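*Asks:* Two chains, two frames, a set of hints: combine them into the complex.
Protein chains in written order, with our numbering: chain C, 1 to 204; chain L, 205 to 405.
Simulated from the structure, these hints should not be mistaken for laboratory data. These numbers come from a predicted model, not from an experiment. We put the CB at the ideal spot given by N, CA and C, even for glycine. There's no promise every hint is true.
[As the list claims (entries may be wrong)] Here are some, though not all, of the chain L residues that point toward chain C, as calculated from beta-carbon distances under 10 Å:
hint: 1; residue: M255
hint: 2; residue: G256
hint: 3; residue: V257
hint: 4; residue: S258
hint: 5; residue: D288
hint: 6; residue: A290
hint: 7; residue: D293
hint: 8; residue: V309
[To be verified] Here are the simulated DMTMM-like cross-link-like pairs (lysine to aspartate or glutamate), alpha carbons at most 20 Å apart as the crow flies:
hint: 9; chain 1: L; residue 1: K404; chain 2: L; residue 2: D392
hint: 10; chain 1: L; residue 1: K311; chain 2: C; residue 2: D151
hint: 11; chain 1: L; residue 1: K314; chain 2: C; residue 2: D147
hint: 12; chain 1: L; residue 1: K405; chain 2: L; residue 2: D293
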Amino acid sequence: MTAAALPGAPSEPRSTYSSVAIAFHWAIALLILTNIGLAWYFNTLKGPAEVAPLALHKSIGITVLLLTLGRIAWRLLNPAPPLPDHMHGWQKFAATAVHLVLYGLMLGLPLSGWAMVSSSPLIRVHPTVLFGVIPWPAMPFPGFSSDQLHDARHLFRTTHTLLGYIAYATIVLHVAAALKHHLIDRDDVLARMLPHLRRKGAAA
Amino acid sequence: MSFRRTLAICLALALATPAAAAPSSQVSDIAAGHYVLDPRHGSVMAKVLHMGVSIYTVRFDVYDASFDWDPAHPEATRLSASVDPASLDVGADYSKEFAEEFLSVSKFPKATFVATTLQDQGGGKGTMTGDLTLMGVTKPVTFQVSFVGTGHEPLPLPFGVRAAGFSATTTFKRSDYGSTYLNNLVGDDITLDIEAEFDKK
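Okay, chain L solo, but in the shape it has when bound (with noise of 0.2 Å):
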């Protein structure tokens, strides 16, 4: 390693560490570049109402999603995401029976979101809307999307990583999709919560 490098590396951790005492609220803050869901920190949740009395939430494991983040132009933003419905996690040992028979995984392995207009309503809120394709049918929906926060992270080390995080949500019917197993018994309606850590790369 030369002395450049190690020079340099001394002091991005130097200019860093202050960085991770105090995360942002400000859009503003978000830095320029390219953005990747952490895929330990997310929650792809699934909300449903389960014979007309109560609401029951499932949440699915694997997922990805990035973006590019330019500050000067945020509305230029588009998110691209996935989410493997095999990953289907019911809190039971039915959740592999589960995903088949709502979301015929072994036909349709992938679900996605691709974004195509994003709203800025100020505050760190906003709607996102894009096109959703589960069970191999694509329409479009729109999430409301609201920011977290920004920092350096001292995670993973050596030198950490700067990321931002957003919540997201969006109400779909899952027949539009195809998906009407136990439509006499658990909802239509489907609400999705979303909550993302990215990592700058």
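So here's chain C without its partners, still in its complex pose (with noise of 0.2 Å):
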């Protein structure tokens, strides 16, 4: 499944995804938007029934935060299919950057909030437990006073929220740029991650 990008394949590199990456992102895809629905919902919330919706974010976000680091240990080991060359090298250079701020928001935006909840005297009430069953460890802040770790809570808070609008914007770059690729381009660049809807004699 991933001769392409063993030594000694062959020299042609692939032109869509391995199927494990497409896997990786549609289930992170999908994973994400949830969260951000929960987000907007438990917001909605008063009292004690915002704490189940919050617990299912905390739950999807540290898969996500597992998942990500799988899908960056196999993204080292399989290079991404090259990109059309009819794209100019802003084009390519804007795609890669929003690659990357995405792979950070991955990173950031579970690490922020597994941080927050941490720092907060909650967690020696009612631990992370994820999705109900597996216990998930808070991160240790040894030395911390209770007011410094008011303060880091505070700060973990503000960088949540605020990766989370900047989550926001660059989901909407990356999804408009996907779209315009395959209803103006009209390139097969979308098609790397949804195979099926790859053009017939399209230019990869």
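*Replies:* So this is what it looks like as structure tokens:
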């Protein structure tokens, strides 16, 4: 399945992502969209009602973190298919930059969220249990006084919120660019991630 | 020690002993003088609604209070008190963290109360209105106060002490003082229940 990436494989690069990379992409995309929806949802709730959706948001976030680590390892071993030749240099740069920012967000959002709940005294009352089943440790903050922890929690919270807004903008850019390639440029950039969309006879 | 002083102490002990045996619950038996809260026999407790289903009690372990008592003018009594909010004890090992989150104790290390008005309702009961300063915000609150008892306590040795005890309770909204942490899960109404034993100095 990954023959193209292995040493000694045919020199012509593959024209779509590997099925593992595609599975990582769409699984994480679905989890991220679910988590954005959950964040909007529990922010409209008052009182104890927000606890359960918030717990699911944490579980999904940690899942994204773990999947992203696996995805990065896979990506390092299996290079992405090349972008089409008709793209300008700045377009290729922008695409790569947006991808890098997305990887940063897939790590930074769960890490800042995890830090946020770990620095709250509530973590000692109600430790995180992923999907209500798997106990998940709190990040340790050795040597932090209670007021330093308080300040740290606010910093993590602000970071988490800010990264959330950056994620909205970056996802919009990423999706808009994919749709532009497919609908306006009519190339196969989107088909690299959705192989059944591939146009017959189109250049990769 | 002079002979006269020794005699005076013996007389005082002799007079004090019967008083110790019979504490009184009459306000009129509270001796005139300056009274200071016994730091080991006070209870400053706060009750708050948890998740809308139960009441949780926390306490503060470091506090101070004093007043001057004139039996002829009980309503002229002006108690002043302070509580160290960092001494919050929630009955678990995260008390320090909760003190910071709920009461910003590193920014506001002292809570105070200064009485301004007393009203006697008879039968050892009354109201005490004054200014409560919490998290840097000062607002009036009114305590329901009831007198418990007064008498001579044999401890501390050698002479014991003249003591008087009171209960006081009031209710306020923590949001009025800027405490909003976990206001989705922990109630806004705080009931303060105070039990205090004052020693005459």
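*Asks:* With chain C as the partner, please determine if S258 of chain L meets the hint condition of a C-beta pair closer than 10 Å.
*Replies:* Violated, about 12 Å.
*Asks:* If you draw a straight line from the CA of K311 of chain L to the CA of D151 of chain C, is it 20 Å or shorter?
*Replies:* The hint holds at about 12 Å.
*Asks:* Mind checking the alpha carbons of K405 of chain L and D293 of chain L for me, to see if they're no more than 20 Å apart?
*Replies:* Since the Cα atoms of K405 of chain L and D293 of chain L sit roughly 29 Å apart, the hinted pair is violated (cutoff 20 Å).
*Asks:* Holds or violated: is the Cβ of D288 of chain L closer than 10 Å to a Cβ in chain C?
*Replies:* Hint on D288 of chain L: violated, closest Cβ of chain C at ~14 Å, above 10 Å.
*Asks:* Can the hint on V257 of chain L be confirmed by a CB-to-CB distance to chain C that is less than 10 Å?
*Replies:* Where the cut-off is 10 Å and the nearest Cβ of chain C is about 9 Å from V257 of chain L, the hint holds.
*Asks:* Hint validation: V309 of chain L versus chain C, beta carbon distance must be below 10 Å. Holds or violated?
*Replies:* 8 Å, holds
*Asks:* Close enough to count: is the Cβ of M255 of chain L nearer than 10 Å to one in chain C?
*Replies:* Status holds, d = 5 Å.
*Asks:* Next pair to validate is K314 of chain L with D147 of chain C; report whether the Cα-Cα distance is within 20 Å.
*Replies:* Distance ~15 Å between K314 of chain L and D147 of chain C Cα, so the pair holds.
*Asks:* Min Cβ distance, D293 of chain L to chain C: is it shorter than 10 Å?
*Replies:* 14 Å, violated
*Asks:* Holds or violated: A290 of chain L as interface residue toward chain C, Cβ cutoff 10 Å?
*Replies:* At about 9 Å, which falls below the 10 Å cut-off, the nearest Cβ of chain C leaves the hint on A290 of chain L intact, so it holds.
*Asks:* Could you grab the alpha-carbon distance between K404 of chain L and D392 of chain L and see if it respects the 20 Å cut-off?
*Replies:* Not satisfied, since the Cα-Cα distance of roughly 37 Å exceeds 20 Å.
*Asks:* Would you settle whether the hint for G256 of chain L is holds or violated, based on the nearest Cβ-Cβ distance to chain C being less than 10 Å?
*Replies:* Nearest chain C Cβ about 7 Å off; hint holds.
Of the numbered hints given earlier, the model fails hints 4, 5, 7, 9, 12; all others are met.
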